[in-house]
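As given, the protein sequences belong to chains A and B, one line each in that order.
Residue 243 is where the first sequence starts when you use this note's numbering, and the numbers rise one by one after that.
Residue 347 is where the second sequence starts when you use this note's numbering, and the numbers rise one by one after that.
The set of hints was computed from the structure by calculation and includes no laboratory data.
Hints are supplied without guarantee of correctness; some may be wrong.
As the list claims (entries may be wrong) - Pairs of lysine-lysine, DSSO-like flavour, derived with a Cα cap of 30 Å: (1) Lys383(A) with Lys434(B); (2) Lys359(A) with Lys434(B); (3) Lys304(A) with Lys602(B); (4) Lys320(A) with Lys395(B); (5) Lys252(A) with Lys352(A); (6) Lys320(A) with Lys602(B); (7) Lys244(A) with Lys271(A); (8) Lys335(A) with Lys434(B); (9) Lys244(A) with Lys602(B); (10) Lys434(B) with Lys370(A); (11) Lys320(A) with Lys335(A); (12) Lys304(A) with Lys252(A); (13) Lys602(B) with Lys252(A); (14) Lys483(A) with Lys501(A); (15) Lys352(A) with Lys335(A); (16) Lys395(B) with Lys263(A); (17) Lys434(B) with Lys263(A); (18) Lys370(A) with Lys383(A).
Said to hold, decoys possible - Covered stretches of chain A (in silico footprint by chain B; criterion: 3 or more residues with CB under 8 Å from a CB of chain B, positions within the stretch not fixed): (19) 308-316; (20) 335-347; (21) 432-443; (22) 500-506.
Glycine residues also receive a C-beta, built at the ideal position from the N, C-alpha and C atoms.
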Amino acid sequence: MKALSITNLKKEYAGGLQALKGIDLEVQKGDFFALLGPNGAGKSTTIGIISSLVTKTSGQVKILDIDIDEDHSLAKKKLGVVGQEVNFNQFEKVGDIIRNQAGYYGLSFKEARENTKYYMRKLDIWDKRNEQARKLSGGMKRRVMVAKALVNNPELLILDEPTAGVDIELRRSLWDFLTEINENGTTIILTTHYLEEAERLCRNIAIIDSGEIVENTSMQELLTRLEVETFLFDLAEPLNKIPDNLDFQVELESPHKLKVTIDKEKGLNTVFKGLSDSGIEISSMRNETGRLEELFLGLVESNLTSESS
Amino acid sequence: MTFLEQYRALLTILYKEIHRFMRIWTQTLIPPAVMIMLYFVIFGTLIGKRIGQMGGFDYMQFMIPGLIMMSVISNSYSNVVSSFFGQKFARSIEELLITPLPHYLILLGWILGGVARGLMVGAIVTFVSLWFYDLTVDNWSLSIFVVVSTSILFSLGGFLNALFAESFDDISIVPTFIMQPLIYLGGVFYSIQLLPAFWQTISLANPILYMINAFRYSILGSSDLEALGFSINYAIFMIIGFIILLSSLCLWFLHKGRGIRS
């Protein structure tokens, strides 16, 4: 069963801007799916159409096989959305915001109260229930938005950059929480600018650019396409010149830092041996960027090149 | 959504709306009471004594139904326009748009919220007026019908204004430049029989005149309408007609996503 099915979806804004140029997308039930793309690519427009905040120009959207044009009410019952920006009345109490959201879905007062309590506890905001939302930190407001999106127990949860601007501690706790609810059966679609987040959480991925899907595959398949990897080596002693005998690509970022780019097939042993033979002592090493980030940039750049040519 | 789910959702919107204006009661409930009290003191007690009779009643007695209606009209309108536009502005309207709520339920929730505030302020003003005049009601059922239907009508007007408004200026233009003049020229403070024939004819184009006079008729048992040859049923049909027209427009624009969807 498909949690989301999008067919030839188009959106043209007044003024002629074509935000979506006829995209097709399928997300299987139970998936943790990443929808990535640069700013203005069409991610938020797509989410806006699914959640009825944006009217589509043409095309079809089905949520759990229910066409949103045919049974709008039933389709929406199965959906939870965490928007990109805070979209609740910040003068209300946190508990009221979440309980009211349950009420809009027609949940009984008892159910609404229980779900509110459950998700507020899960997201560590229960002790804030009587506080005005405007007094919360940005990270706390994000948690409120997640609790609000989940309070009707949706089968499909869409998160539009849920960890933008939040600290790493909250980001990681949110990752754990999202993993847990996904394991319990909730399909999740995530858009994010933190590619490390998508790489870590998602099983399948689509990349959208200039209103078109430029890639739609499994995360594993995408990552196997990566031919080179870049590592940063911190040096124990300062280095002024790169030795000539190294047979891999090396840049001296600073006297204490080397940037090494190697073919995946070569492996790291060659690098360690080469550096060791040249008398270079390494104190630590790390990936320069996430693997997905390199692929993402490659895909978006190649799409840009093909568009301009 | 089932009927029960819709009922619960409607109660949630209504609860939220009532809770909103009750939370800021010093801005929503007290100022109309203070303003009306000043009207009673200045126009009723001080100037009213010099005026004597108006439309066959003491001036204070004549003025009370108009002032009650004025409060109901302006508060019903301002409650809906400020609340709905506020939600649009803060994007919290998205909370509702992503839910399975049908459009008519969103509209109904806000209208009931506007009616709740309009009636609450109307009740406060009536209570204040009892300090100044021993008021009796000629026709309770008609008076309740007129005040509730007028409140619905102006709540719908506020909703329509909020849908089209793009800035806070836009939500004050209609009340300031259209509603207030129509209310003040609708016979709150004077009988239109005092006007020359030409201005009487012009006044008859003001829909608020019919609402104020229908309410005055229900309280006092007499109004300008009959004196000018209009049945009270004419006013009632007019109110109902406007309600049907405005609710259809609101639903149409909601369906089209005017002002709320990209």
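Results for each hint:
A distance of roughly 19 Å separates the Cα atoms of Lys383(A) and Lys434(B); the hinted pair therefore holds under the 30 Å criterion. The straight-line distance between the Cα atoms of Lys359(A) and Lys434(B) is roughly 28 Å, inside the 30 Å bound, and the hint therefore holds. Annotation: proposed proximity of Lys304(A) to Lys602(B) holds, straight-line Cα distance about 21 Å (limit 30 Å). For a cut-off of 30 Å, the pair hint linking Lys320(A) to Lys395(B) is broken: about 66 Å separates their Cα positions.
Note on Lys252(A) and Lys352(A): the hinted pairing is violated, with a Cα-Cα distance of about 41 Å set against a maximum of 30 Å. Using a Cα cut-off of 30 Å, the hinted pair Lys320(A) and Lys602(B) holds, with the two alpha carbons roughly 23 Å apart. As the CA atoms of Lys244(A) and Lys271(A) are separated by approximately 5 Å, the hinted pair is consistent with the 30 Å bound. At roughly 19 Å between alpha-carbon atoms, Lys335(A) and Lys434(B) fall within 30 Å of each other, so this suggested pair holds.
The suggested pairing of Lys244(A) with Lys602(B) holds, with an alpha-carbon distance near 29 Å, which does not exceed 30 Å. The suggested pairing of Lys434(B) with Lys370(A) holds, with an alpha-carbon distance near 26 Å, which does not exceed 30 Å. Under the criterion of a C-alpha separation no larger than 30 Å, the hint pairing Lys320(A) with Lys335(A) is consistent with the structure, at around 26 Å. Taking the CA atoms of Lys304(A) and Lys252(A), the gap is near 15 Å; set against the 30 Å cutoff, the hint holds.
This hinted pair checks out: Lys602(B) and Lys252(A) have alpha carbons roughly 18 Å apart, not beyond 30 Å. For the proposed pair Lys483(A) and Lys501(A), the alpha carbon gap of about 13 Å is at most 30 Å, so the pair holds. Only pairs whose Cα atoms come within 30 Å are accepted, and Lys352(A) paired with Lys335(A) is accepted, the gap being roughly 18 Å. Annotation: proposed proximity of Lys395(B) to Lys263(A) is violated, straight-line Cα distance about 74 Å (limit 30 Å).
Between Lys434(B) and Lys263(A) the CA atoms are separated by roughly 28 Å; this keeps the pair inside 30 Å, and the hint holds. This hinted pair checks out: Lys370(A) and Lys383(A) have alpha carbons roughly 11 Å apart, not beyond 30 Å. Evaluation of the coverage hint for the stretch 308-316 of chain A: fulfilled, as 3 residues show C-beta separations to chain B shorter than 8 Å, against a requirement of three. With 6 residues having a Cβ less than 8 Å from any Cβ of chain B, the stretch 335-347 of chain A passes the three-residue criterion, so the hint holds.
A count of 0 residues in the stretch 432-443 of chain A with a Cβ less than 8 Å from any Cβ of chain B is obtained; the coverage claim is therefore unmet, three being the minimum. Proximity of the stretch 500-506 of chain A to chain B, defined as three or more residues with a beta carbon under 8 Å from a beta carbon of that chain, is not established by the 0 residues found.
Comparing the model with each numbered hint stated earlier shows that hints 4, 5, 16, 21, 22 do not hold.
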